[in-house]
Amino acid sequence: EPEVTQTPSHQVTQMGQEVILRCVPISNHLYFYWYRQILGQKVEFLVSFYNNEISEKSEIFDDQFSVERPDGSNFTLKIRSTKLEDSAMYFCASTLVGNTQYFGPGTRLTVL
Amino acid sequence: AQRVTQPEKLLSVFKGAPVELKCNYSYSGSPELFWYVQYSRQRLQLLLRHISRESIKGFTADLNKGETSFHLKKPFAQEEDSAMYYCALSKGSASKIIFGSGTRLSIRP
Numbered sequence: 001e002p003e004v005t006q007t008p009s010h011q012v013t014q015m016g017q018e019v020i021l022r023c024v025p026i027s028n029h030l031y032f033y034w035y036r037q038i039l040g041q042k043v044e045f046l047v048s049f050y051n052n053e054i055s056e057k058s059e060i061f062d063d064q065f066s067v068e069r070p071d072g073s074n075f076t077l078k079i080r081s082t083k084l085e086d087s088a089m090y091f092c093a094s095t096l097v098g099n100t101q102y103f104g105p106g107t108r109l110t111v112l
Numbered sequence: 001a002q003r004v005t006q007p008e009k010l011l012s013v014f015k016g017a018p019v020e021l022k023c024n025y026s027y028s029g030s031p032e033l034f035w036y037v038q039y040s041r042q043r044l045q046l047l048l049r050h051i052s053r054e055s056i057k058g059f060t061a062d063l064n065k066g067e068t069s070f071h072l073k074k075p076f077a078q079e080e081d082s083a084m085y086y087c088a089l090s091k092g093s094a095s096k097i098i099f100g101s102g103t104r105l106s107i108r109p
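Chains as they are written, first to last, in our numbering: chain R, 1 to 112; chain W, 1 to 109.
Some hints could be false.
Said to hold, decoys possible - Listed below are several chain W residues computed to face chain R (Cβ distance under 7 Å; list not exhaustive):
1) 39
2) 44
3) 46
4) 94
5) 96
6) 101
7) 104
8) 106
Please keep in mind that the hints were generated in silico from the structure rather than gathered at the bench. For every residue, glycine included, the Cβ atom is placed at its ideal position computed from N, Cα and C.
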């Protein structure tokens, strides 16, 4: 059964550095999402992406964040200048139609 | 405001006992309701959704619009049910999912 994959599984970075989190959605899916979960808190929506543009974003998704689908398979989340409070588990998800979103295993981002 | 509330952070029951995980939501409109589960060291996965009205792994959930609740139930808990359970809602097709804070279910042997 196809799955969403994410790399790396764990990323450690220094405050102020740029990070790129990578996701490979399920191949025939059309809608892509990023969520994050700060330790001990709920899973929060960041952004949704469809037809090569952002369809919705949350208040968290400020100018420090960007998303891109650089080719037919990858979907990336870039944080330009990381802050301590960006430390979290970041989940990618995708769906074809309807509402069954399939989640990746997550990337744990640690900002020091 | 759109919100999902799961009042219990941890629920511990004995194997074979009934389980009920509570979920209440706040939403102006008719959302779609879900339960997601995350087993240890595994990814979030959909357990069930209210529109399908099916039972998965013995779990059921009934949408009560009057009480704005979507409680998850299972008559006889099994040890493999131990996991983190998230109630969630979405406003429509391919829309963002809003999650509750989750309930950790622990089944004691």
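Which numbered conditions among the earlier hints are violated in the structure presented, ordered from lowest to highest?
The structure breaks hints 1, 7, 8; every other hint is satisfied.
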